[in-house]
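**Student:** Add chain B to chain A, keeping to what the hints say.
As given, the protein sequences belong to chains A and B, one line each in that order.
Heads up: take any position in the first sequence, counting from 1, add 1371, and you land on my numbering.
Numbering-wise, my numbering puts 15 at position 21 of the second sequence, and it's gapless, one number per residue.
One or more hints might be untrue.
As the list claims (entries may be wrong) - Covered stretches of chain B (chain A as the covering partner; in silico rule of three or more C-beta atoms under 8 Å from a C-beta of chain A):
1) 1 to 15
2) 19 to 32
3) 55 to 65
4) 92 to 102
5) 121 to 131
Just so you know, these hints were derived from the structure itself, not from any lab.
We put the CB at the ideal spot given by N, CA and C, even for glycine.
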Amino acid sequence: MIPHEHVVGLALLLFALAILTVLLRRGLLALLVGVQGIFVSGALAVVGFAQGHAAMGVEPIMGVEPLARVSEAHGFALLVLVVAAAEFSVGLAMAVAFMRKRGSVNVESASVLRW
Amino acid sequence: MSLELAVFYFFGALAVAAASFLLVEGRTPISSSLAFCALGLAIAGVLQTLGADFLAVAQWILSLGAGLVLLVSSVMVAGVASESLDLASPLRVLGKLVGGVAVAGLVGLLLGTMGDGVELSGPIALTPGTADLGQALFGAGAPLVFVLGLLLLVALVGGVILAKRRLG
Chain A
1372 MIPHEHVVGL ALLLFALAIL TVLLRRGLLA LLVGVQGIFV SGALAVVGFA
1422 QGHAAMGVEP IMGVEPLARV SEAHGFALLV LVVAAAEFSV GLAMAVAFMR
1472 KRGSVNVESA SVLRW
Chain B
-5 MSLELAVFYF FGALAVAAAS FLLVEGRTPI SSSLAFCALG LAIAGVLQTL
45 GADFLAVAQW ILSLGAGLVL LVSSVMVAGV ASESLDLASP LRVLGKLVGG
95 VAVAGLVGLL LGTMGDGVEL SGPIALTPGT ADLGQALFGA GAPLVFVLGL
145 LLLVALVGGV ILAKRRLG
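For reference, chain A alone in the conformation it holds in the complex:
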């Protein structure tokens, strides 16, 4: 059985790398992929915590069976992935519009909303 601490640790590491990508990179698509990494690492953490929660015991917690708990966690992770896909579609459309207007993928040239 894979220790759930390892899964959560991997999710944490990926989350940190994705955050650093968003903060340090200036490429538009790298930012978009970094945000996707944040979502995906969150979904992975949910699955890892569900594994750990299920390992706590076979007795129902607050009337919910262990298998139902893990199923709900997987469903929640799937919803996170769906939200990430929606965000990706809008983000990519904005990126395409930005690239067509500026002819560049560098976000330093985006200064319309700055004050």
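**Tutor:** Chain B alone, transformed into the frame defined by chain A:
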């Protein structure tokens, strides 16, 4: 170390390598797209080893689909320099690697689906199947699924409008 744990560490290391590559080398749209594909496929492998088969397949489809759309749009819209697509480019090797991992992942997923699935050993082995997941999603979580479907529709329409509009 069991085979299951070794596969988990392999895909975990692959995911960390892809995320690190994106952080260090994500300067061009091509490298970002390939890193995105590699990261998503590695995460799908990790989810498969955790017994989340449905999530793994969904992640596999999402990462490859979104990654290819990202790659095509970066080539067609951003005007990627042709030298980054030539045969000698190291990105070409990375692209072949990503493609190989994608095919291997698909074969692994198919074998896992046709077989008995991943058996988690240990005191408690809980691997919900698709029926359990459907029960959770379309039971108490049905309103949330409805809202998310609406969100996807709005995102689709918004994406089309944003991409078609001429700015400035």
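**Student:** Against this structure, judge whether each hint is valid.
**Tutor:** Verification of the supplied hints:
1. Three residues within the 8 Å Cβ limit are the bar, and the stretch 1 to 15 of chain B against chain A gives 6, so the coverage statement holds.
2. Chain A is given as covering the stretch 19 to 32 of chain B, and this holds because 8 residues of the stretch bring a CB closer than 8 Å to a CB of that chain, at least three being needed.
3. With 4 residues bearing a CB less than 8 Å from a CB of chain A, the stretch 55 to 65 of chain B meets the requirement of three and the coverage assertion stands.
4. Given a C-beta distance limit of less than 8 Å, the hint that chain A covers the stretch 92 to 102 of chain B is violated, as 0 residues qualify and 3 are needed.
5. Remark: the stretch 121 to 131 of chain B is confirmed as covered by chain A, as 7 of its residues place a Cβ nearer than 8 Å to a Cβ of that chain, reaching the required three.
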